[in-house]
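S.K.: Chain by chain, the residues run as shown.
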Amino acid sequence: MEGIKWGLIAPIIVLQLILAVIGLISLAKAESNSIRGPKWLWVIIILFGNILGSIVYFTIGRKEY
Amino acid sequence: MKMTWLMYRKEMLEMVRSYKLLWIPVVFLLLGVMQPIVYFYLPNILAASGDLSAELVQNLPVPLPSEVMVNTLSQFSTIGLLVLVIAGMNIVSGERYSGTAALVLVRSVPSQYFIISKWLGQLTLLVISFTLGYSGAWYYTVQLMGPVHWQDGLAAGALYLLWFAFAQSLILLFSTLLRGSAAAVISLLIMAALSLSNSLVPSWFSWSPARLLSDAAAIFAGIDFSAVAALIVTTLGCLLCLAASTVLLRGQGIPDQP
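Order-wise, the sequence lines are chains A and B.
Per this note's numbering, residue 122 is the first one in the first sequence, and the count goes up by one each step.
Per this note's numbering, residue 93 is the first one in the second sequence, and the count goes up by one each step.
Because the hints were derived from the structure by calculation, they are not lab data.
C-beta atoms are modelled at their ideal positions from N, C-alpha and C, and glycine is treated no differently.
Please note that a few of the clues may not be correct.
[Unchecked claim] Straight line, CA to CA, 27 Å or less: simulated BS3-like cross-link-like pairs of lysine-lysine:
hint : chain 1 : residue 1 : chain 2 : residue 2
1    : B       : Lys102    : B       : Lys112
2    : A       : Lys150    : A       : Lys160
3    : B       : Lys112    : A       : Lys184
4    : A       : Lys184    : A       : Lys160
5    : B       : Lys102    : A       : Lys184
6    : A       : Lys150    : B       : Lys112
7    : B       : Lys94     : B       : Lys112
8    : A       : Lys150    : B       : Lys102
9    : A       : Lys184    : A       : Lys150
10   : B       : Lys112    : A       : Lys160
[To be verified] Sample of chain B residues lacking proximity to chain A, with all beta carbon distances greater than 10 Å (derived):
hint : residue
11   : Thr96
12   : Pro155
13   : Glu159
14   : Leu218
15   : Asp244
16   : Ala285
17   : Pro294
18   : Leu328
[To be verified] Some chain A residues flagged as far from chain B (calculated, every beta-carbon gap over 12 Å):
hint : residue
19   : Ser153
20   : Asn154
21   : Pro159
22   : Trp161
23   : Leu162
24   : Ile165
25   : Ile166
26   : Phe169
Working from the sequences, and respecting the hints, build out all of it.
M.R.: Have a look at this one:
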């Protein structure tokens, strides 16, 4: 793995962190009846699903009305 | 004018509260930054996967800056479009079923202001996200691959932006007609049909909005922009969608609250 410039990869990692943090904040603030499925499941999906996990949470995880 | 501005501000406030104004730009930025970096490290990634001989990996051609830009744009038009459509699918129907529309429209807010402010709100979100993602991709492409001709880059980006605006007008129209998920599916099907038909028989569809996408790629290949008809049809299509949604919203009346 030598020869990889971590300065290049860092923005991706930071952005993914930001995305996950926004997701977790939104999840923590939401009422549990406005979330599809149990909250702890979404925590796992957001943390381990990389970019897709957060997208799935934001798009179909929340009931918008 | 004043009413549209008021409604528009309400729209933006709602986007901040639902975190849309945060997560969609971040997703676009991530998509844009990831693409050039993946291309740059493609030899390393292939070598690490271990299936290819070292010689083959070493002789892998370095992609041109223009190729990387075209690929980033097509990434936006698949994943980015999906995200935008799903995020916007409840834009009108959500308000109708939650009763917000009834509350707003009963105060003599004409439906055209309602629709236009929604559309402007969506457009703002789109422009912010797309600009962020595209400039991220551009910056990394220049740093890693080499210079991109700035006129080509701007022209191609503008064409994609228009295609996205068309997609958003479609989703707005279907969202006034149907419930959220049905609206998303139909808009995505229409967009897919347009780009499929354009790639299968390009000569018949020189006016199709999907022509904007192939033209954006052609610009990077050094071919001059030609599809003026597609530009006009797409702009008219956006306006038509707006007008139709206004008429439909007016005709619907307000449903009884569940």
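S.K.: All hints, please: hold or fail.
M.R.: Hint-by-hint comparison with the structure:
no. : hint                   : in the structure
1   : Lys102/B with Lys112/B : holds, 14 Å
2   : Lys150/A with Lys160/A : holds, 11 Å
3   : Lys112/B with Lys184/A : holds, 14 Å
4   : Lys184/A with Lys160/A : holds, 13 Å
5   : Lys102/B with Lys184/A : holds, 20 Å
6   : Lys150/A with Lys112/B : holds, 15 Å
7   : Lys94/B with Lys112/B  : holds, 25 Å
8   : Lys150/A with Lys102/B : holds, 21 Å
9   : Lys184/A with Lys150/A : holds, 14 Å
10  : Lys112/B with Lys160/A : holds, 20 Å
11  : Thr96                  : holds, 23 Å
12  : Pro155                 : holds, 16 Å
13  : Glu159                 : holds, 19 Å
14  : Leu218                 : holds, 16 Å
15  : Asp244                 : holds, 24 Å
16  : Ala285                 : holds, 22 Å
17  : Pro294                 : holds, 32 Å
18  : Leu328                 : holds, 30 Å
19  : Ser153                 : holds, 17 Å
20  : Asn154                 : holds, 14 Å
21  : Pro159                 : holds, 20 Å
22  : Trp161                 : holds, 20 Å
23  : Leu162                 : holds, 19 Å
24  : Ile165                 : holds, 18 Å
25  : Ile166                 : holds, 14 Å
26  : Phe169                 : holds, 17 Å
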